[in-house]
Amino acid sequence: MADRLGLLLRHALLLGGAAVMLAPFVLMLSISLKPPGEIFAPEFRLLPLQWAAVENYTAAFTKVPLLRFLLNGFIVTFCIFVAQAVTALPMAYALAKLRWRGRDTAFLLVLAALLVPPQVPAIPLYIALWQLDLLNTYAAIILPSTISVFGIFLMRQFFRTVPDDLIAAARMDGLGEFAIVWRIMLPTAAPALAAFGCLSFIWNWNEFFWPYIAVQDEHLMTPPLGIAFFSNAEAGTNWGALMAAATVTTAPLAIAFLLASRAFVRGVTMTGIK
Amino acid sequence: MADRSARHPGARAEAVAAWLLALPALLLMWVMLLGPAVAVLLLSFTDWNLGEPEMGWAGIGNYLQLADDPVFWQSLRNTLIYVGVSVPMTVGLGLGAALLVESVGRGRAFYRAAYFLPVASTLLAMALVWEFMFHPTVGFVTQAFRAIGLPTTDWLQNPDTALLALAVIGIWQNLGLAMVLFVAGLQGIPRDLYEALAMDGADGAWERFRRVTWPMLGPALVFVVAIIAIRSFQVFDTVAVLTEGGPNKATEVLLHTMVQEGFRFLRTAYGAAITVVFLVFTLAITVAQTVLLDRRAHYG
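Chains as they are written, first to last, in this note's numbering: chain A, 986 to 1259; chain B, 992 to 1291.
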């Protein structure tokens, strides 16, 4: 009896916590459906008396190029992930499975680079891109993220668990080291790569700091930048449309997360506990 | 090691292949991360502003100027308060949530998804929702305070509460991350330790926590504190979109000051010096983490 009561109490606490964690998402959706008059009503209602969803979402897509922001988000996150995977996989393989002079130094460099927060290189990168006349381009947003030392580290840890026999057999079959990376290691690494892909997607979709510095042109803005731009332009007057835009921006991530929450969580926990 | 690799056949070919495979990543790592990090350090000892033709050596001039700059001290103080409030709250609540989630059988997947969703969502968009949560009349936070008879205010516009309001958003965002990392740590604790404790006749929930869970969770705890502290030091998005460092510099934090100086006022070298201060604090957290984990490994 005491056990059942305890379990009930624990569920009550967890549910209360979950309600707080989810409240902002519920509020966001709720406001995005309401006309201005109901948003500031003293009594909160989940659903509007008079629906304004069409007006709000139409305003979100027409007052700012929201579709363009989303497209930019996909272009940027896709290019970044491809570049990160193409550079990280071979290096991780070389670090995990090959014997070469300089390997320990190279791994130390990876560990050192892991300690550098992404905001630290901002000023020199800005100067370099300015001199190359590349500010305010897709390249400006993408280039600094083309390397992920975290990805290298993660894939190296994973490759170390791949049996050496598999690689020896591939060599017997006459495969070169490059072919081994792409034809043997890549398929075995699919789960780890998927976990890394999820993390890379969240980070770069949500990244605000660097695009905020590197891009001013409305047509190059990524979703977070676009939302900030919209919020500035509206200055708190059009909450319904702003929350509609926020919903649309958050939706791809939320959907991806709900579909692949296992891969997300695995990716996060792989980072350090081991 | 070098001897052995020299002996086995094809060692040279293997080394060449390894270098070729590692080269693109090594180059990019230097160009995008390590090189610029060194450049920031060097820049911080110059007097250069973006666009100027001449660059002169300034020694520690920028750092002396920082020491005299009340905005910088305010910014550093605010950042430390922000970290000091959000880290214990995030870690404490995250640990509590992890213990609770691990202790219930059903609903784990739901709770994990609910608590982790803020980590995966766009902070910038959610910050705007929080602005509404903090609305001085209809916001949920305001209504909750009113409901239990506590005084309310315009949370984000009041210099006394603005920084704490931002810390609340930070806690909300990172709590799920701490929870997920703690769950992984909890699952790594061998079951037999609890069984051995039960054999000793001590099987209360508190005894189990005090004598097994807490000591075994040590390394995970250090790791989570370090991760959350580093993330908290990087607070920027909420400041940039909600308060812009105001009211009256009450929410001015290191990265925001750095962006203002380095990119808005184009005082590049001065911005670089602030970046170096930021980097030093981040590295200090990692050093502390390593020392703590080392000591545990030796004496723990």
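In short, the hints are calculated from the structure, not lab data. Treat the hints with caution; some may be incorrect.
Examples of chain A residues lying across from chain B (beta carbon under 10 Å, computed) [to be verified]:
#	residue
1	991
2	995
3	999
4	1002
5	1012
6	1035
7	1156
8	1159
9	1193
Heads up, the beta-carbon is just placed ideally off N, CA and C, and yes, glycines get one too.
Hint by hint, here is what the structure shows:
1. 991: holds (8 Å)
2. 995: With a closest approach of 5 Å, the residue 995/A hint holds.
3. 999: holds (5 Å)
4. 1002: holds (6 Å)
5. 1012: holds (6 Å)
6. 1035: violated (18 Å)
7. 1156: holds (9 Å)
8. 1159: violated (13 Å)
9. 1193: Holds. Min distance 5 Å.
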